[in-house]
Amino acid sequence: METFSFYAFAVLVLGGAILTVTRRSAVHSAISLIVSLLGVAGLYLLQKAEFLFAVQIVLYIGGIMVLFLFVIMLVNLDEAAKERQFNGQWAIALVCSAIVGLQAAWFMTKGTGALKLAQAPVAAQSGGSVSPGNVEAIADVLFSEYLLPFEVASILLLVAVVGSVIMAKKRI
Amino acid sequence: MQPVTTVHYLALSLALLLIGTVGVLTRRNIVIILMSIELILNAVNINLIAFSNQLQNVNGQIFAIFVITDAVAEAAVGLGILIALFRNKETVLADEVNLLKW
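Protein chains in written order, with my numbering: chain S, 1 to 172; chain P, 1 to 102.
You can take every hint at face value.
Listed below are the simulated DSS-like cross-link pairs for lysine-lysine, each with C-alpha atoms no more than 25 Å apart in a straight line:
id: 1; chain 1: P; residue 1: Lys101; chain 2: P; residue 2: Lys89
id: 2; chain 1: S; residue 1: Lys82; chain 2: P; residue 2: Lys89
id: 3; chain 1: P; residue 1: Lys89; chain 2: S; residue 2: Lys169
id: 4; chain 1: P; residue 1: Lys89; chain 2: S; residue 2: Lys170
Where chain P lies over chain S, by a calculated footprint (3+ residues, C-beta under 8 Å):
id: 5; segment: 29-43
id: 6; segment: 90-97
Now the in silico label distances, taken between C-beta atoms and shown as ranges:
id: 7; chain 1: P; residue 1: Trp102; chain 2: S; residue 2: Phe4; range: 54 to 64 Å
id: 8; chain 1: P; residue 1: Val67; chain 2: S; residue 2: Arg24; range: 22 to 32 Å
id: 9; chain 1: P; residue 1: Glu90; chain 2: S; residue 2: Ala105; range: 40 to 50 Å
id: 10; chain 1: P; residue 1: Asp70; chain 2: S; residue 2: Gly15; range: 19 to 29 Å
id: 11; chain 1: P; residue 1: Ile81; chain 2: S; residue 2: Ala8; range: 29 to 39 Å
id: 12; chain 1: P; residue 1: Pro3; chain 2: S; residue 2: Leu147; range: 32 to 42 Å
id: 13; chain 1: P; residue 1: Ala11; chain 2: S; residue 2: Asp78; range: 35 to 45 Å
None of these hints come from the bench; they were simulated from the model.
Glycine included, C-beta positions come from ideal geometry on N, C-alpha and C.
Generate coordinates for the entire structure from the input sequences, incorporating the hints supplied.
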């Protein structure tokens, strides 16, 4: 069952991603991206990351994608949809992704021994165990060990909000 | 069918990363370039979650939360820049923005 769900979600993720980068209309791309993000959320659930599953749906699909759709409405994309959609850089793009893909695939095939070595975890590691409830475990670590990065992230979000408001203002 | 291992998740995340990279490098529409960046960030998150589950260590999920925070900030600022650009240049195609060209 888990294997079947993995492959189903993988098809969702990759199909949505391919449609996202190939569709002509930006709205179609955004909807394919939502499908892809839903697949990623399902993968989180399969990997016992329930909190991130909820964050992915609420924040990504409910927040970021709505933001994208708003901007697509604000910006007139009809003219852009009539023009050609790809710049002529297929050769460079394919060479770059082939290099990266070969490297990573090589490490994945050669490095499986290393992956299996790490497969027997000690239950009480420094990061805490995942088992006693995912949200609880995340909160424990996030508000003790990662408290400073958490606060810095709030400053980052504040800066982003102020920056985007200034960018979108009529007159700076 | 063989059971799903961490390597399966890594392969999936690699494929997603490559699709996103090709999208960033070849599309002309800036909105879709930003969406491809979201795909790349999601590929990173799949990796982090897979290792978090394999090592039974919750640190990977914390990092994924920070990556999502970055993605939100990046999307907000990027779309704000896009609106400012559209107001000034009336275009959303990346190769027509040549204000800094020699």
